[in-house]
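Residue numbers (this note's numbering), protein chains in the order written: chain A, 1 to 136; chain B, 1 to 587.
One should not assume that every hint holds.
[Said to hold, decoys possible] Just the calculated beta-carbon pair ranges, DEER-fashion:
(1) B/Lys384 / A/Trp101: 53 to 61 angstroms
(2) B/Ser142 / A/Glu82: 32 to 40 angstroms
(3) A/Ile95 / B/Pro26: 52 to 60 angstroms
(4) B/Ser233 / A/Asp7: 23 to 31 angstroms
(5) B/Val235 / A/Gly115: 24 to 32 angstroms
(6) A/Trp101 / B/Ile118: 35 to 43 angstroms
(7) B/Ile118 / A/Met128: 52 to 60 angstroms
(8) B/Arg509 / A/Asp57: 43 to 51 angstroms
(9) B/Glu571 / A/Asp7: 43 to 51 angstroms
(10) B/Tyr306 / A/Met128: 30 to 38 angstroms
(11) B/Asn215 / A/Tyr116: 16 to 24 angstroms
(12) B/Asp308 / A/Trp101: 49 to 57 angstroms
(13) A/Asp7 / B/Ser374: 54 to 62 angstroms
(14) A/Ile96 / B/Glu369: 53 to 61 angstroms
Think of the hints as simulated: they come from the structure by calculation, not from any bench.
For every residue, glycine included, the Cβ atom is placed at its ideal position computed from N, Cα and C.
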Amino acid sequence: MRLSVIDTELCVGCQSCMFACARLQKDGGLASSSIHIRSAGGMEHGFVVVVCRACQDPPCAKVCPTNALIPRTGGGVRLHLEDCIGCGYCREACIIGAVFWNQEENKPMICNHCGYCVKYCPHGVLDMRKEEACKG
Amino acid sequence: MNDKRMPENVLYIDLSKKSFKIEKRPQLFRENLGGIGVAMKLLLEECPQGIDPFDPQNPIVFAVGPLTCLFPLASKTVAVFKSPHTGNLGESHAGGRSAVSIRMAGYGAIVIKGASNIPVYLAIHGDKVYFRDASTLWGMGSNFTVGRVIREHERGAGLRTIMRIGRAGENLVSYACVTTESYRHFGRLGLGAVFGSKKLKALVVSGKSSIQLENSGEYRKLYDEIYREAVESEVMKKYHDLGTSSNILPLNELGALPNENLRTARSIHAGEISGERFAEDFLGRRLACSHCPVGCIHIAALREPYEDEPYFYKTSMISYDYEPIYAIGNMLGSYNPAGILKLMDRIEALGLDVMSTGVVLAWATEAMEEGLISKKETTGLNLKWGYYQDYIQATEYITSQPNEFYRVLAKGVGNASEKYGGEDYALAYGGNEMPGYHTGPAAHIGFAVGTRHSHLDNAGYSIDQKHLGEKLLSPEELGENLLKEERWRQILCSLVLCLFARGIYTPERTTRALLAAGADRMDEKALMELGKKIHSEKYKFKIKEGYMGETAGIPQRVLQTPSPWGKLDEEYIRKTISYIHSASLNQ
Numbered sequence: 001m002r003l004s005v006i007d008t009e010l011c012v013g014c015q016s017c018m019f020a021c022a023r024l025q026k027d028g029g030l031a032s033s034s035i036h037i038r039s040a041g042g043m044e045h046g047f048v049v050v051v052c053r054a055c056q057d058p059p060c061a062k063v064c065p066t067n068a069l070i071p072r073t074g075g076g077v078r079l080h081l082e083d084c085i086g087c088g089y090c091r092e093a094c095i096i097g098a099v100f101w102n103q104e105e106n107k108p109m110i111c112n113h114c115g116y117c118v119k120y121c122p123h124g125v126l127d128m129r130k131e132e133a134c135k136g
Numbered sequence: 001m002n003d004k005r006m007p008e009n010v011l012y013i014d015l016s017k018k019s020f021k022i023e024k025r026p027q028l029f030r031e032n033l034g035g036i037g038v039a040m041k042l043l044l045e046e047c048p049q050g051i052d053p054f055d056p057q058n059p060i061v062f063a064v065g066p067l068t069c070l071f072p073l074a075s076k077t078v079a080v081f082k083s084p085h086t087g088n089l090g091e092s093h094a095g096g097r098s099a100v101s102i103r104m105a106g107y108g109a110i111v112i113k114g115a116s117n118i119p120v121y122l123a124i125h126g127d128k129v130y131f132r133d134a135s136t137l138w139g140m141g142s143n144f145t146v147g148r149v150i151r152e153h154e155r156g157a158g159l160r161t162i163m164r165i166g167r168a169g170e171n172l173v174s175y176a177c178v179t180t181e182s183y184r185h186f187g188r189l190g191l192g193a194v195f196g197s198k199k200l201k202a203l204v205v206s207g208k209s210s211i212q213l214e215n216s217g218e219y220r221k222l223y224d225e226i227y228r229e230a231v232e233s234e235v236m237k238k239y240h241d242l243g244t245s246s247n248i249l250p251l252n253e254l255g256a257l258p259n260e261n262l263r264t265a266r267s268i269h270a271g272e273i274s275g276e277r278f279a280e281d282f283l284g285r286r287l288a289c290s291h292c293p294v295g296c297i298h299i300a301a302l303r304e305p306y307e308d309e310p311y312f313y314k315t316s317m318i319s320y321d322y323e324p325i326y327a328i329g330n331m332l333g334s335y336n337p338a339g340i341l342k343l344m345d346r347i348e349a350l351g352l353d354v355m356s357t358g359v360v361l362a363w364a365t366e367a368m369e370e371g372l373i374s375k376k377e378t379t380g381l382n383l384k385w386g387y388y389q390d391y392i393q394a395t396e397y398i399t400s401q402p403n404e405f406y407r408v409l410a411k412g413v414g415n416a417s418e419k420y421g422g423e424d425y426a427l428a429y430g431g432n433e434m435p436g437y438h439t440g441p442a443a444h445i446g447f448a449v450g451t452r453h454s455h456l457d458n459a460g461y462s463i464d465q466k467h468l469g470e471k472l473l474s475p476e477e478l479g480e481n482l483l484k485e486e487r488w489r490q491i492l493c494s495l496v497l498c499l500f501a502r503g504i505y506t507p508e509r510t511t512r513a514l515l516a517a518g519a520d521r522m523d524e525k526a527l528m529e530l531g532k533k534i535h536s537e538k539y540k541f542k543i544k545e546g547y548m549g550e551t552a553g554i555p556q557r558v559l560q561t562p563s564p565w566g567k568l569d570e571e572y573i574r575k576t577i578s579y580i581h582s583a584s585l586n587q
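Next up, chain B with everything else stripped away, as it sits in the complex (with noise of 0.2 angstroms):
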């Protein structure tokens, strides 16, 4: 069968060459569905083992869904890559009009091999890529002009996404994102250094073309159904109102919030940026990406007088979210709004991960706090929690690296850590910083088995939250059902859908969306087994790549610093993930 309404075509684009070929290949979609479960052989086709992360052979791969367009809320692109940040698989997920544009251009899949010998962007309009010279854009301060310009330079606007790197990713700081549409984010594992690397400053895919639906009285109804939900659920409503950061006060009562890189997980100022605060004193807009009707995304607008002109003001939109609140407010000791979303635009406009970027400045404050650094190493910036000038001026020094501390930084915290001392508190998991969770040991396994060492894998912050004031899960049914969850998860992102989602996309209303989608049938057992295959495949690509398994280290600070489960046991949590290591392998 060859069902127009599934994705099919895979886009091959040569940087070294300045070359492109487009290849039907449905049978990959058919089998793999799409998202990751596509790029994941993608991935393995195309990127040679051992390989250097800035080799050009290291590939980029995107790639939407089977429901991709069709259905609310399949609204992501994974991208995958071998990761410069750690070094192993890279896996990234974002919005905006990223996943509808690459279907509207035709594709399912977008592959970038290669590098180019002059800076680029790419410009992909339905079949056509053209390779546009770069030269201007490379070294621009501000990567929200980087946008500005393509924007007015290049068709498709309201189809089209843009993604770009700022000057983190020209300089290969590892852990440096890709943008798009302004405030989503490529976010994690350094995809933004891979651009860097091959002089790819900016890709755009913009396409309008059509989908034929059969039956569509069916389609209709499933889509009404699922769409109501979206809009009507109150899980979607809170991520509506407030956003992520309504995340902010409950953790905190939880005593889950970490706090000064993690030497605390509580504070009592933390009234002071929760997502409540921001709305009432910042909120300017609220977006959403393409085909999701909640809009979730929040953008601040903050208004700064100029310090040498009276009444002379300029005023600053500021994406921010949980996570971002997390890394650059609290983990830095800081409950300043003002200061965090000020250091927000510029790591915004430099283009590295907030995530990372908050944990490798808590512990290099720390560290200086410790005396472990000086004015010497941070060439005269006096680091302490809050002092946000200092911290503005230190993104600009990860991003130029004027000196060897800044070149070590600019690799994370591992590095740096390796480098300075104060491994006790680098806060990284498989040389990923952490997420801002210490809901319990599920969350902290969680972070060192996840294939992306991310919450987002297997939601162990949930289960810490769900089984709170219950007698402790065995290593082995906290393992399951960390495997269970992250196993689900790959179907979803096969798909590609925001994971917001995910009490929509029940397994059984999954199976009739596909089949709408012109999939082939698929029951819950069998999505079940393709999720199971596609975790093993990522597992043991990590494992062939050097990851530690069972012996992945966790940070002593972790176990230190009492969570809402008091302080969390090594050897538990080692048996934990020692059953999910032998688990994956053996599936």
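Extracted from the complex, chain A is given alone in its bound form (with noise of 0.2 angstroms):
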């Protein structure tokens, strides 16, 4: 299973999948989280969703110099935090931005697809399905 942006024009932008995901993290605040809603260039336009789409090659595990992003069966990657170096190609490689960076550790911070945010998305906008059914 893995999370799945179902269809964003259903997002009103209220970030409470944000909240969530950092409250997880015992964070009370913004920092701790992996999943992150902006509007597409004003609210008008609608938002944009951005978080980890589980790619079955990773690029970000592919730049990772110290094999501490290990692809995940069935898509994305797990990050083993003892491994890791905090050089930050995995941010530069992933080009739709969801490698977000834990700044008080220099450490990333990447989507595990837990699913936590769906439960707090009003709106069906997020939703967990199952590898083969995702095109999101």
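With the hints as a guide, bring the two chains together.
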């Protein structure tokens, strides 16, 4: 199962998903969120949901010099923090900007597709789907 | 106790010296929570008594609260200042991304003083404050463009608020607003003009910090309890589906919808401008404030052809709500949604408060019909009920003020009627144009005594509707009801919650949320006492600054036009106002 963006047109930009993701890291703010919502160039144009889309052959893992990012079965990656040297190559490699950064620890933050944010998306923008059903 | 969950930083900015400092004031927040509680204290510290609202010393205070970021619907920012519109206490609230951005930048409050010598905008990114030259933005035709330029020039997309003024604020129209995120506003009482007087074009705030949670299991349980109620309750569904404009039909049915400058309070055409009609014909998108799952902001898509170009169209995205529809729809005797939207779009571009603008235009229309003013004053405009082309041009003139008439109009309906007559139908309280509720005595008493002269101060409109068909409450009973509500709302506005969530944040639940947010333990009684204290501070500030209190005026028109309670009794209103006045001063 992985997180899937079903329809960004349904997004009202409430950012409840961002707060949910951070909350799971015992953070009541936004610094620990691995999902991001911003307007598509002004709110009148709707919103962009920035989150890991679970690439089958993830570029972020390919550029990791220490193998701290290991491709996950079904797409996406797992981060082994103890191996990460914080070089930031993964962030450069992700062209949708879904590798977020923990400034305090100087380490990447990447969605692990746990699905917690889905529970806090009141308008059906996000859902958990089986890999083969994912196109988003 | 110095709990990192509570806000404590106050950012002080001096526009004259182009300098800033950050002070830690944990006690200020522990004792006053945040929002209006803290903002009022800062105003009392910073605002010299009797000061001209355009004096550089007039402070602008923004404040958020202890629940901001931590709980849903704590989505608002309070602004206080001395109002150039009323010459008295200015308090205005807005949502958008303002509250979350201010807290995530690391602040509980921001105080802006002084005045710049050149147009500037402030970019606050975390603990860095940049003074940017705004000369290029000054005088720009549309506020939407100002937003776009700043959006492209500053970092922090999705994590920032962009508050800005339009030309109305630059030109010191006393009811100019501050717009945030294109569609939300510090609408009332002229914060935009205070920005303009300081040559402050805009304020960008961004940040992405963390708030470390203790006992996160308990906290998450309470979060879920509040969140579930927010997304499942009927009232929230109503605000999501149709938005506040769902109130048009029920208020009209009741005979409480002001029509043609409140000559009547009902129209057979109300269906043409109902929330249902707007949704079916124009709704293009819904938006939410940060950390509010409801999404009550309704944006219309208006498609218009260019007159001189075949098959060439423009589509404008225009926000609508109950109050704007009231002010520039039924108040202007018009039931034409496209006309309302076009005028709204213009008002947004200029950065005027739509409520005051509508009531001002309604007075001007009636004054023209009565012959108090003519085309000589209006410079050729024909202000007639529902003539949108002329109303659109009039908003431009109110902003650019080409003659004495428009200079007066730019100071509100009170000033205009003082000079040209028509005081009986100049619909303002304490200098602030009235909101759209002619529900009965409680609404109007509420406008008169409320510290913002807003229906949101004490919800008199709700008392009127709740007791309709029953015996009139005694002046003391009604006074107590209004006071109790206004005092409790000081707590909600210290947190700072969206008032749509008032049913969710019961006193009992609020005490639990505060504890989870790291505030000192306060029971319901202590909260009520604090609410009372904040209200009293505000009321006393107003009296010191010249608010007339128990002799505050009530427009005659309000007494003449029957409400759902029939014609209102002036003596009853006076007695109730007098009771509230004494109780507010003696608390």
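Status of each hint after checking the structure:
Under the hint 53 to 61 angstroms, the C-beta atoms of B/Lys384 and A/Trp101, about 60 angstroms apart, fit the expected range. A beta carbon spacing of about 53 angstroms between B/Ser142 and A/Glu82 contradicts the range 32 to 40 angstroms that was offered as a hint. Between A/Ile95 and B/Pro26, the C-beta spacing of about 44 angstroms breaks the proposed range 52 to 60 angstroms. The hint said 23 to 31 angstroms for the Cβ distance between B/Ser233 and A/Asp7, and at roughly 24 angstroms that hint holds.
Distance hint for B/Val235 and A/Gly115: a CB-CB separation of about 29 angstroms, consistent with the stated range 24 to 32 angstroms. Judged by the Cβ atoms, the range 35 to 43 angstroms given for A/Trp101 and B/Ile118 holds: they are separated by roughly 36 angstroms. B/Ile118 and A/Met128 have their C-beta atoms about 53 angstroms apart, which keeps the hinted 52 to 60 angstroms range intact. The supplied range of 43 to 51 angstroms is met by B/Arg509 and A/Asp57, whose beta-carbon atoms lie about 49 angstroms from each other.
A C-beta distance of roughly 59 angstroms is found between B/Glu571 and A/Asp7, which places it outside the suggested range of 43 to 51 angstroms. The hinted range of 30 to 38 angstroms is not satisfied by B/Tyr306 and A/Met128, whose Cβ atoms lie roughly 47 angstroms apart. Between B/Asn215 and A/Tyr116 the C-beta distance comes to about 19 angstroms, which sits within the given range of 16 to 24 angstroms. Between B/Asp308 and A/Trp101 the beta carbons are some 52 angstroms apart, a value that agrees with the proposed interval 49 to 57 angstroms.
One distance hint, 54 to 62 angstroms for the beta-carbon pair A/Asp7 and B/Ser374, holds here, with the actual separation near 56 angstroms. For A/Ile96 paired with B/Glu369, a C-beta distance near 59 angstroms keeps the hint of 53 to 61 angstroms intact.
Checked against the numbered hints listed earlier, the structure breaks hints 2, 3, 9 and 10; every other hint is satisfied.
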